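J.: As a plain string of letters, each chain reads:
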Amino acid sequence: MTPITIKKDQKLKTNSLMRRMFKQWDIQMMVIPALIFVFVFSYIPMYGVLMAFQDYSIYKGFLHSPWVGFKHFEMFFNAPEFWTIMRNTLVISLLKLFIGFPAPIILALMLNEVRKASFKRVVQTISYLPHFLSWVIVSGFVVSLLSTDNGSINILLQSVHLIKEPINFLAIPEYFWSILVTTGIWKEIGFGSIVYLAAIAGVDPHIYEAASIDGASRLKQIINITVPSIIPVIVIFMILAIGNLLSAGFEDILLLATNPVLRDVSDVLDTYVYRIGIQNSRYSYATAAGLFKAVISVGMLTLANLVARRSGNSLW
Amino acid sequence: MAKQRRPRLLLLITALMVLSLLAGCGSGGNDSANKPVPSPENTSNEGGKAGDAIVLGEKPLEFSFYGNYDWYSMPVWGDDLATKWIKDDKKVNVTGINSGGNTKQKLNTMIVSDDLPDVIWGDRGADIENMRANGLLVPLDDYLDKYPNLKKWAGESTLNMLRSPDGKLYQFPNWYTSQPNGNAGYLVNKKIYEDLGSPPLETTEDLYQYLKLVKEKYPNVVPLEVGQKEGIDILASAFAENHPYRFNLMMAVPEGNELKSIFTDSAFRESLQYSNKLYREKLMTQDAFSQTKDPVQEKVTTGRIAVFASSSPTEFGVMGDSLLKAQDPDAGYIMIWPVHKEGLDKNKIFPGDYNQLGWNVSVITKAAKDPEAIFAFLDWLTGPEGQSVSMWGPEGLYWNGMDQDGSTIFTDKYTSDPEGLAKVMDSTVNFQWAGNTVYVDGVKSKFEQTLPEEKRNWETRWQLEITWKTQYNTTEFVNLDPAGDSEEGIISQSVFGIYEQARSKAVLSAKNEEEVLAILDQAEKDAQKVGYDKLLKYKTEKWQENLKNMKQ
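Sequence lines, in order, name chains A and B.
Numbering of the first sequence is given in the working numbering, commencing with residue 1 and proceeding in unit increments.
Numbering of the second sequence is given in the working numbering, commencing with residue 317 and proceeding in unit increments.
Quick caveat, the hints were computed from the structure, so don't treat them as lab data.
Values in this document were obtained by computation on a predicted structure and should not be read as measured data.
Here a beta-carbon is modelled for each residue, glycine too, at the ideal position from N, C-alpha and C.
Don't take every hint at face value.
To be clear about the criterion: a stretch of chain A counts as covered by chain B if any three or more of its residues have a C-beta under 8 Å from a C-beta of chain B, and this derived list gives those stretches [to be verified]:
(1) 56–70
(2) 145–153
(3) 160–169
(4) 259–269
Same shape as in the complex, but just chain A (with noise of 0.2 Å):
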């Protein structure tokens, strides 16, 4: 795990760009399967976003349907619940960027300075593994340890006196945010810190014994050391998470807020979009309201960009 140390040849030779090719044909070859990729699922089906100028109908296809502008998008913005949605989805994806984010850089963190291989290894197993459960999976587990009739959080926190009856987590709004961002952060800690690990693994253990000389704390070391040398990773997915900022969540909001008393807190963009438009049939509204969500990501991402790039990490 030694990453940016590729560089050197790269200056020495300042060959054309077809020999340079030519010369690593075999690595070229890797990236053609992932370009396709990208083209076929990404780019082809682009000129879909044209429908939301449309009122698209199923029956009279993308040629026929008659174009009607702005309409959809009005509509989108007079919705009553717009205001709602956005608060809710800008709220809940700053919840999960100042919570969830910083959380495996922490754990990972905390890993290195585990001296113990078999110990780090074991933590690093189980807290990765629920990456590998879908949402339905782990949405299951979490309403059924938070209900009232037979949960065990409820019987446990009725066994230490905490409570005296059942309390029905899933119906109080008011709780709806925590539960939320505990799961997605209990769900994805493990595996967001490998790239941090991978990070930490590349810095110069001869640093890190210069400074012990020096007489600096196993503290000083994490502060003035390991954070600064990952910080160029941590900045990279700083932008990309920006970037994401209205992808509040779609899955898990979706099974675990199944109650509509919750409404008011847990509707965000892409629930509002599938519940609305695709249950519906209102395609050219699910897509208009889509295709605002990607113009103010994109929107975000540069702009978070614009700034990173000052600290010389940007991602172009």
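Use these hints to put chain B onto chain A, whose structure you have.
T.: Same frame as chain A, now just chain B:
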């Protein structure tokens, strides 16, 4: 930085080159996806005006079948006794097309790609009407007189109600009926009830007192199980006469010649106050709005409930009754006459409803090569022989021939081998596409009456004693829902969102009775803002149209 930019630019150019190369291959597939749906005129299935009726079994018939439900996947045709017999004897073979758990997308994909199944089976409503309006369906009128069963059993008035705006019939009904059916009502745990001294359970107050008693004496039992919240809807029927819970689903309540707002309906408001009280005092399921079907089934079949209000409590009730009886012959479930608010006439309390049109319909699409043959098959299926085979397996096993009234005659095996019979019936549940309620219920109850009490089927007994008498005829309220992408449809989605939220808030979040009303008043305001009035007008018009059609 500046030095690094050049190679990156080159890389980008390479990427674009590869992309443009691929674009050539890409657009080929692209075109066919864009192809407009061919206009219906060029298909050559213009009904069978000429020629004689098709006799099943003379010529093999093959068709594809799509069940328009997320939950539905057709079992393999010919794997069970009944369909194997149909396959061998009637030479009919059906291939199922699976919805993959997402029927909206699957059906729309099939429409867009012009790859329709021969038969679509699903709920009546906007989806089917859209397909009809766009000329994808085959009208059945020409076949009606040639084949005897549908016309005879469904009757003119039901068929008229099924007709589309163009006056033609496209839909083949399933479980259509002319007499009440349905199971909605209240299930009571017999053991607990008798242990507590069998107090009267007639009014909503009786029920409340009883639930309190249960909570006191049986802390681990759910006093009132409401399932996946449908029990809360059922309770609305207790607060007014002639007020089935269908009105909740319609989000409209008839008053004179008009449909009025559900939020201002006094029965609805009172029922939510009542539910809220039960919820606050922990007398009903606490997670009714989030639990899945499995815990409900577990609670009912293990007897961990005292009362169960549901649109079909018999489904788990019949299982629970036999499981509980196996442990203790005095245990089990009984049903009670629907509860009512003090002062109302208990004979006018209808928790559930039925309509003549039945549950759902099959339509034959223009993709079918021989629509008449498919109709002939469905018509046979809905007749006495087809019903007997598909319900109880091929002749000679559990039934043998018909009596002079045309009713199926059951063999001794029908009562002596309940497990084998249950197995046959279970294996064909998902093949009941053209159910004939009047025939099947008639045969069943006729037979039941010849049996001594202890041998009678638990479900049939309660259907005869209570549930069939307490279901309301809502035929006049069918097809009130506007199409999803119409103006009224959009209003309807908004109102439904408001309704769902208000109902759950009123039950779960309100701290007292006044708050329930405040939530509903707010909901009424919000609903009016999104155009509820317009939706109610639309529904009223549709309702009045239905009434006119029914009189014809």
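J.: If a hint holds in the structure, say so; if it doesn't, say that too.
T.: The hints, checked one at a time:
Only residues whose beta carbon comes within less than 8 Å of a beta carbon in chain B count, and the stretch 56–70 of chain A has 8; three or more means the coverage holds. Counting residues of the stretch 145–153 of chain A whose CB falls under 8 Å from any CB of chain B gives 3; the rule of at least 3 is met. Here's how the stretch 160–169 of chain A fares: 3 of its residues keep a CB closer than 8 Å to some CB of chain B, so the rule of at least three is met and the hint holds. For the stretch 259–269 of chain A, the stated coverage by chain B is satisfied: 5 residues place a CB nearer than 8 Å to a CB of that chain, which reaches the threshold of 3.
No hint from the list above goes unmet by this structure.
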